[in-house]
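Protein chains: 4
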Amino acid sequence: MSERRPRYRLTFACPDRVGIVAAVSGFLAEHGGSITEASQHCDAASGWFFMRCEIDAATLPFDGDGLRQRFAPVAEAHGMRWQVIDNITPRRVVPLVSRQDHCLTDLLYRWRSGELLAEIPCVLSNHEDLRAYVEWHGIPYHHVPVDPDHKAAAFARITELIDQARADTVVLARYMQILPPEVCARYPGRIINIHHSFLPSFVGARPYHRAFERGVKLIGATCHYVTDQLDEGPIIEQDVVRVHHDDTVDDLIRLGRDVERTVLARGLRYHLEDRVLIHGNKTIVFD
Amino acid sequence: MSERRPRYRLTFACPDRVGIVAAVSGFLAEHGGSITEASQHCDAASGWFFMRCEIDAATLPFDGDGLRQRFAPVAEAHGMRWQVIDNITPRRVVPLVSRQDHCLTDLLYRWRSGELLAEIPCVLSNHEDLRAYVEWHGIPYHHVPVDPDHKAAAFARITELIDQARADTVVLARYMQILPPEVCARYPGRIINIHHSFLPSFVGARPYHRAFERGVKLIGATCHYVTDQLDEGPIIEQDVVRVHHDDTVDDLIRLGRDVERTVLARGLRYHLEDRVLIHGNKTIVFD
Amino acid sequence: MSERRPRYRLTFACPDRVGIVAAVSGFLAEHGGSITEASQHCDAASGWFFMRCEIDAATLPFDGDGLRQRFAPVAEAHGMRWQVIDNITPRRVVPLVSRQDHCLTDLLYRWRSGELLAEIPCVLSNHEDLRAYVEWHGIPYHHVPVDPDHKAAAFARITELIDQARADTVVLARYMQILPPEVCARYPGRIINIHHSFLPSFVGARPYHRAFERGVKLIGATCHYVTDQLDEGPIIEQDVVRVHHDDTVDDLIRLGRDVERTVLARGLRYHLEDRVLIHGNKTIVFD
Amino acid sequence: MSERRPRYRLTFACPDRVGIVAAVSGFLAEHGGSITEASQHCDAASGWFFMRCEIDAATLPFDGDGLRQRFAPVAEAHGMRWQVIDNITPRRVVPLVSRQDHCLTDLLYRWRSGELLAEIPCVLSNHEDLRAYVEWHGIPYHHVPVDPDHKAAAFARITELIDQARADTVVLARYMQILPPEVCARYPGRIINIHHSFLPSFVGARPYHRAFERGVKLIGATCHYVTDQLDEGPIIEQDVVRVHHDDTVDDLIRLGRDVERTVLARGLRYHLEDRVLIHGNKTIVFD
Numbered sequence: 001m002s003e004r005r006p007r008y009r010l011t012f013a014c015p016d017r018v019g020i021v022a023a024v025s026g027f028l029a030e031h032g033g034s035i036t037e038a039s040q041h042c043d044a045a046s047g048w049f050f051m052r053c054e055i056d057a058a059t060l061p062f063d064g065d066g067l068r069q070r071f072a073p074v075a076e077a078h079g080m081r082w083q084v085i086d087n088i089t090p091r092r093v094v095p096l097v098s099r100q101d102h103c104l105t106d107l108l109y110r111w112r113s114g115e116l117l118a119e120i121p122c123v124l125s126n127h128e129d130l131r132a133y134v135e136w137h138g139i140p141y142h143h144v145p146v147d148p149d150h151k152a153a154a155f156a157r158i159t160e161l162i163d164q165a166r167a168d169t170v171v172l173a174r175y176m177q178i179l180p181p182e183v184c185a186r187y188p189g190r191i192i193n194i195h196h197s198f199l200p201s202f203v204g205a206r207p208y209h210r211a212f213e214r215g216v217k218l219i220g221a222t223c224h225y226v227t228d229q230l231d232e233g234p235i236i237e238q239d240v241v242r243v244h245h246d247d248t249v250d251d252l253i254r255l256g257r258d259v260e261r262t263v264l265a266r267g268l269r270y271h272l273e274d275r276v277l278i279h280g281n282k283t284i285v286f287d
Numbered sequence: 001m002s003e004r005r006p007r008y009r010l011t012f013a014c015p016d017r018v019g020i021v022a023a024v025s026g027f028l029a030e031h032g033g034s035i036t037e038a039s040q041h042c043d044a045a046s047g048w049f050f051m052r053c054e055i056d057a058a059t060l061p062f063d064g065d066g067l068r069q070r071f072a073p074v075a076e077a078h079g080m081r082w083q084v085i086d087n088i089t090p091r092r093v094v095p096l097v098s099r100q101d102h103c104l105t106d107l108l109y110r111w112r113s114g115e116l117l118a119e120i121p122c123v124l125s126n127h128e129d130l131r132a133y134v135e136w137h138g139i140p141y142h143h144v145p146v147d148p149d150h151k152a153a154a155f156a157r158i159t160e161l162i163d164q165a166r167a168d169t170v171v172l173a174r175y176m177q178i179l180p181p182e183v184c185a186r187y188p189g190r191i192i193n194i195h196h197s198f199l200p201s202f203v204g205a206r207p208y209h210r211a212f213e214r215g216v217k218l219i220g221a222t223c224h225y226v227t228d229q230l231d232e233g234p235i236i237e238q239d240v241v242r243v244h245h246d247d248t249v250d251d252l253i254r255l256g257r258d259v260e261r262t263v264l265a266r267g268l269r270y271h272l273e274d275r276v277l278i279h280g281n282k283t284i285v286f287d
Numbered sequence: 001m002s003e004r005r006p007r008y009r010l011t012f013a014c015p016d017r018v019g020i021v022a023a024v025s026g027f028l029a030e031h032g033g034s035i036t037e038a039s040q041h042c043d044a045a046s047g048w049f050f051m052r053c054e055i056d057a058a059t060l061p062f063d064g065d066g067l068r069q070r071f072a073p074v075a076e077a078h079g080m081r082w083q084v085i086d087n088i089t090p091r092r093v094v095p096l097v098s099r100q101d102h103c104l105t106d107l108l109y110r111w112r113s114g115e116l117l118a119e120i121p122c123v124l125s126n127h128e129d130l131r132a133y134v135e136w137h138g139i140p141y142h143h144v145p146v147d148p149d150h151k152a153a154a155f156a157r158i159t160e161l162i163d164q165a166r167a168d169t170v171v172l173a174r175y176m177q178i179l180p181p182e183v184c185a186r187y188p189g190r191i192i193n194i195h196h197s198f199l200p201s202f203v204g205a206r207p208y209h210r211a212f213e214r215g216v217k218l219i220g221a222t223c224h225y226v227t228d229q230l231d232e233g234p235i236i237e238q239d240v241v242r243v244h245h246d247d248t249v250d251d252l253i254r255l256g257r258d259v260e261r262t263v264l265a266r267g268l269r270y271h272l273e274d275r276v277l278i279h280g281n282k283t284i285v286f287d
Numbered sequence: 001m002s003e004r005r006p007r008y009r010l011t012f013a014c015p016d017r018v019g020i021v022a023a024v025s026g027f028l029a030e031h032g033g034s035i036t037e038a039s040q041h042c043d044a045a046s047g048w049f050f051m052r053c054e055i056d057a058a059t060l061p062f063d064g065d066g067l068r069q070r071f072a073p074v075a076e077a078h079g080m081r082w083q084v085i086d087n088i089t090p091r092r093v094v095p096l097v098s099r100q101d102h103c104l105t106d107l108l109y110r111w112r113s114g115e116l117l118a119e120i121p122c123v124l125s126n127h128e129d130l131r132a133y134v135e136w137h138g139i140p141y142h143h144v145p146v147d148p149d150h151k152a153a154a155f156a157r158i159t160e161l162i163d164q165a166r167a168d169t170v171v172l173a174r175y176m177q178i179l180p181p182e183v184c185a186r187y188p189g190r191i192i193n194i195h196h197s198f199l200p201s202f203v204g205a206r207p208y209h210r211a212f213e214r215g216v217k218l219i220g221a222t223c224h225y226v227t228d229q230l231d232e233g234p235i236i237e238q239d240v241v242r243v244h245h246d247d248t249v250d251d252l253i254r255l256g257r258d259v260e261r262t263v264l265a266r267g268l269r270y271h272l273e274d275r276v277l278i279h280g281n282k283t284i285v286f287d
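Residue numbers (full-length UniProt numbering), protein chains in the order written: chain A, 1 to 287; chain B, 1 to 287; chain C, 1 to 287; chain D, 1 to 287.
For the record, the hints were derived by calculation from the structure and aren't laboratory data.
Since this is a predicted model, take the numbers as computed values, not measurements.
Hints are not guaranteed to be accurate.
[Claimed, not checked] Partial pick of chain B residues on the chain C-facing surface, computed with a CB cut under 10 Å:
| no. | residue |
| --- | --- |
| 1 | Glu-37 |
| 2 | Tyr-133 |
| 3 | His-244 |
| 4 | Thr-262 |
For each residue, glycine too, the CB sits at the ideal point set by N, CA and C.
Extracted from the complex, chain A is given alone in its bound form (with noise of 0.2 Å):
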């Protein structure tokens, strides 16, 4: 892993007019910002800007704060919805997951190589199995039982556990609960789930048994913000792979794992590089 080089990204939304672009890299070029990556989106039909660019740090004569100072009276000018993030501090992220490790094992390696710029300040689970090999890595497993005759004390327990951890992002890597509406709407764009269809096909329960009596000839994966309504928040990204029909459900199971983990993976960089823009229930994603 080489030495990361400090930027800022500076991610914005705001109705579309003439000027906007040159009104933010005029702001930057004043200052000696050197813009390193940019992307621009308009959505014609909303009539709706969308921006996401890298600084290079160095260049600026001021830290962080600084330069969300300086550049709020552009963003307000133009009505924005803004951020300014660094990619030095690493974002806290909370997976929740149940019983199967695919994806959790997944999210460890690219955590413990370096690959994915964040802290996991813990685990929660509502099952055992996975402490041992969380704790291996020096993190705190949170064993929450779901019961369903006491479901709200659980998720009052759990959005506690979230809570303490300062969690920028909470992953349900195969977490086999729903959430109910109240942790959904706490968290709003901050929850990432792994749903294993390619949806909207085979919304809700067991996916690769339904693909598999549908006879389809490709399964798939998506990865998607959670709303309140069941798998069907703004998808993120979306993959598939190819099922024969000498493959039973267990294959498909044991094939959808491999896309699972690796859209799960995929999706959960581009939101902690900031590349994703919630627009409706549609995503930008400046990849």
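Following the hints, complete the assembly by docking chains B, C and D onto the known chain A.
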């Protein structure tokens, strides 16, 4: 195109039990028949067995009818649904089209180049648009308008033309009409459709518009046999292509055209080479 | 095909320094120009900066020449190689072919359907085979035999025809002759070839045979600009398809045809939409 | 992981002639053996025939040795190279690694989850880096430094450890040392390497750097059997991933890691399920 070596394709389905392959391969060996390709599949849930093999015609001391006559007792003893087809006699394929020509252009190219072992006795359409291109190929073009108030008459005429053409296979190459149930029932396992979505996502009309609205990251196409359940027939082949947030509906339609024609070409090829066996609402594809 | 909204495409390359985007977007904003799409790239190793943007023509108070005239000082101040091209004037594309028609058929289909923003003033070939198909499209066909003993004369004639056709772009659509260095040099960055392998594997002749002998599990195609180094020019696009142990060389050739035409179509589209900038022996593709 | 039903895997290669399948399937039917899966291939150029079949062990009245004993005369009569292996006894797989852990992490995950039917008696490395992770899994870790001046001693020790471990298969999971010819020769068809390029492109060192310099649009990985010809052994599996002009060498290395581990996992799975038959410098893969 290299000269094609004459072969027989034997395909069958029967209840699974010990000794089927031995019976079939023993029968062939007894007559000196050289198997050049063979595939088997056992469906554990239903207890059915499926097989396809190709036999070098020159190694047998009789012709196709002789083979059928001698194989019949073996087939009967095992309760087979079966057929023997040679790879020399071209199938008779009738495409039905509307105004869009991307699938038809692709089929005609593959026919012209000898890649598709088929004759095209005629093309049927509810529009005049593609007449000149079809007729340049020396293929008759029949315009059968489908008046919403006189659909029965139109489909009676279409059925008549299909029958006159002695079609083995009907291809809905982006034909924008829904076939009535009696037409579907008349040609079971012989009508192939290309649907412009990754089924079971976006069954029905305007799938690209709905894919755009849902914000999926891949769009697809599905080649399937037509039944009287719209877009619910056995799937032969599917594929997808990646799309981005800056792709408009028009872009999706454009990108989709390439997937549609590719998926249709592969599905039709499998069908014409007798590689597809239908089992309930699924297919076994010995590719 | 929906009506195309007039746009200018500005592309440039220049030494990287702070303020380039500000200068360009400031210039455009000053004249009311609305940027509908923009992409940038900075090559860290060489210190060069590359940009492409599309401007809604209706938002500017002058035409393309007016834009060029006013932008010239900005370009000069930054040492840019640059051009402004509109998306309305069709490019003039001349395909060179031999006997195989899969790439040409695909190009003509895309041209016919309006998908390719191009005119095809003529097709050149060293064989007569494809004359009828080309002429059906109303496109002149010039047969220029390439006699091994009189190559210079043949290529002089080809050059003459290309020049008479005022071609912007020459496409070697499986043209089985090697262009002499002086022809390559005459049209720098304007001759596109489709090579039937995943370069740099299998440079030169008979790549499918060599892929078969090596036992690779994927075969591919490469679309690249032609230079006087055979199969060594800047790569625009590549793709692959899976092959199996039972695929013969003929199967590889057949499967390869589909990849070749797809890769050529994508590469040519990028080129015609001014999405490709050449940098040394590599390309920046703003797709 | 569902319980595995005991099966025998019979694989063989022999000169092609009429009656081989009949002889094998007749032999099995005679003893009541139920074939659950079968694949054949005839290599026309060499006149060799290859077959793999799985037989439900419970349907045979004898065990694996009984099967081998009774099948031997059939095999001899047809001049077969053959083997019968059950699907219950785990293979003994020894990974060799250096400092990079992505392939090893993936193998250990698949082993841990029961996806890989294998025991891992130990891991060998020329570095200490991965000891803790390996030992957490309860697997012995042997550090064998490879001093450039005493390579022979190091590889003698490695050979000794492989032999003590009674390894069926050696996996070079990004082992950054070239095995000497005598080690390659000692385990023919039993050493599997993952090479970080789409061979035959970029044979040898630093393939990602060379891919970057050439400007390819896809990078890949190749799983192959090791012979004494560097990167020239029979290819088992390959795959690729798309890269863009803004990907640095570090990005290529990162993206490549995912392809490497996937390709290695698929290749090793095929090998461990006896789906790979070597024929000259190519493989038949009955996937």
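Here is how each hint holds up against the structure:
1. Glu-37: holds, 7 Å
2. Tyr-133: Holds - the Cβ of Tyr-133/B comes within 10 Å of chain C, reaching about 8 Å at its closest.
3. His-244: At 9 Å from the nearest chain C Cβ, His-244/B passes the 10 Å test, so the hint holds.
4. Thr-262: Cβ of Thr-262/B sits 7 Å from chain C, so the hint holds.
Of the numbered hints listed earlier, not one is contradicted by the structure.
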